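> What follows is the residue order along each chain.
There are 2 protein chains.
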Amino acid sequence: MADRGKRLIAFALYPGVTPLDVVGPLTVLRDLRIGTPYRTVVVAERLEALPTDTNLHVTPARTFAEVQAPFAVFVPGGGTNTIEAMADRALVTYVRRAAASATIAGSTGNGALVLAAAGLLDGRRAAIHWAYANLLRERGAVPVADRWVDDGRFLTAAGGTAGIDAMLQLTARLRSVSAARLAQLWMEYDPQPPFGRPEAIEASGELGAHLRARPALSASREGLDDVTH
Amino acid sequence: MADRGKRLIAFALYPGVTPLDVVGPLTVLRDLRIGTPYRTVVVAERLEALPTDTNLHVTPARTFAEVQAPFAVFVPGGGTNTIEAMADRALVTYVRRAAASATIAGSTGNGALVLAAAGLLDGRRAAIHWAYANLLRERGAVPVADRWVDDGRFLTAAGGTAGIDAMLQLTARLRSVSAARLAQLWMEYDPQPPFGRPEAIEASGELGAHLRARPALSASREGLDDVTH
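These protein sequences, in sequence, are chains A and B. For the first sequence, our numbering gives the first residue as 1, with consecutive numbering after it. For the second sequence, our numbering gives the first residue as 1, with consecutive numbering after it.
With the rest of the complex left out, here is chain A (with noise of 0.2 Å):
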């Protein structure tokens, strides 16, 4: 990859993450190399591969050091390795830095939560992963329930497939609506759960049992039943 000229988007891993928050993104914005001076960079302060929360290793294409101003820095999830990744030296200190000079900053799943102990959401409306919310807030944003916030500046994700809507929203914004929509067409984003969508599952009798049953998950669903938007 030459970078030279190129307006990089990059994607800061730590050991740990959750990789459909990198390749949801990865995936929408794939087309942007054709016709356009952005380009997707997968960066870590190492060139090895990490461990995610799947059985899969992934191996980013550039180090911190050589991806200093990106045009772009978004930070993936990782659940519970990210409470680990807020305090991890070398990643904060890369996502404060990158974001200082990038046009847009950024996070999908929960990796908000890096962006707060970079310390760069302070009271800043943020989407995350709802069952850090509360979290979130501890840390002195506002979370927000929405599947992305767009502020100009900061583009958050909640988790999963929030990224693939919210990388969709920055396509648009970086091109045009209609390569969005073909980025859409590519990967097929139709989807038909076969079970119905999740606001119908958690008012379901038998799952709303399980989830009050895990203490962890009903704090964090109370903690953005407070949020109003």
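Hints may contain errors.
Since the list can't tell identical chains apart, any single copy or any two copies may satisfy a pair.
Said to hold, decoys possible - In silico SDA-like pairs for lysine to any residue, Cα to Cα no more than 25 Å straight-line:
{"hint": "1", "residue 1": "K6", "residue 2": "E66"}
{"hint": "2", "residue 1": "K6", "residue 2": "A65"}
{"hint": "3", "residue 1": "K6", "residue 2": "G16"}
{"hint": "4", "residue 1": "K6", "residue 2": "I83"}
{"hint": "5", "residue 1": "K6", "residue 2": "R97"}
{"hint": "6", "residue 1": "K6", "residue 2": "A61"}
{"hint": "7", "residue 1": "K6", "residue 2": "P51"}
{"hint": "8", "residue 1": "K6", "residue 2": "H57"}
{"hint": "9", "residue 1": "K6", "residue 2": "S101"}
I should point out that these hints are in silico values taken from the structure, not numbers from a laboratory. Given the structure is predicted, the values throughout are model-derived calculations rather than measurements.
Given chain A, work out where chain B should sit, using these hints.
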């Protein structure tokens, strides 16, 4: 990972694979590790980092030789790289042999082309990424324009996020509908594509013209339109 006593659900990688076709399924099936004998495992010919069709390398956890008799074997897609994979003797041989003893064989994206190359889909109905339907038909299978096809023995999915839908179906089959719903809730699979659904997209004049200008695409669409289902 201790393989002994487990029922392994293997995803067979090759160079240039589409990571979403692997990572979407792995994310859905993640929760099976709690309270079931099922475990996902990512396999390839060698334990080396493989390029993907994004700016990320992925590394398998086991070699083909180490997982010779999985409970299920799936082949992800890889765009045009899958055409080369159809001639990858180590991959095709592995898939043929593993499928022979497996309870379930399947694919995501255009991975059905590799199943067909292994002689597994003759006369069978199978889902595939829409752009590759004609090629699958030429290989003796019957491409179907559904999100997934589950005939009990073969579970084939279409492209991109269709692999998520198919694995929710598999989770319900192996465990329960409520387990599938919980996986869906964790990964926030409640898509809200900001620019509508692909059906609406196809109808739009602007993008329709764009697609018609790309022969490979329009030809494949026509191929799909021939399918009655």
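> Now look at each hint and say whether the structure bears it out.
How the hints compare with the structure:
In this homomeric assembly, K6 and E66 come within 25 Å of each other (Cα to Cα) only inside a single copy, at 14 Å, whereas the closest approach across copies is 42 Å. Taking identical chains as interchangeable, the C-alpha atoms of K6 and A65 lie at most 25 Å apart only when both belong to the same chain, with a minimum of 17 Å there against 42 Å between chains. In this assembly of identical chains, K6 and G16 lie within 25 Å of each other by CA distance solely across copies; the values are 23 Å between and 29 Å within a copy. When the C-alpha separation of K6 and I83 is checked against a cutoff of 25 Å, the pair qualifies neither within a copy, at 32 Å, nor between copies, at 30 Å.
Taking the closest pair of Cα atoms, K6 and R97 come within 25 Å of each other only inside a single copy of the chain (19 Å); across copies the shortest separation is 45 Å, beyond that limit. Only within a single protomer do K6 and A61 lie at most 25 Å apart by alpha-carbon distance; the minimum there is 15 Å, versus 34 Å between protomers. In this assembly of identical chains, K6 and P51 lie within 25 Å of each other by CA distance solely across copies; the values are 21 Å between and 29 Å within a copy. Taking identical chains as interchangeable, the C-alpha atoms of K6 and H57 lie at most 25 Å apart only when they sit on different chains, with a minimum of 21 Å there against 27 Å within one chain.
In this assembly of identical chains, K6 and S101 lie within 25 Å of each other by CA distance solely inside one copy; the values are 15 Å within and 49 Å between copies.
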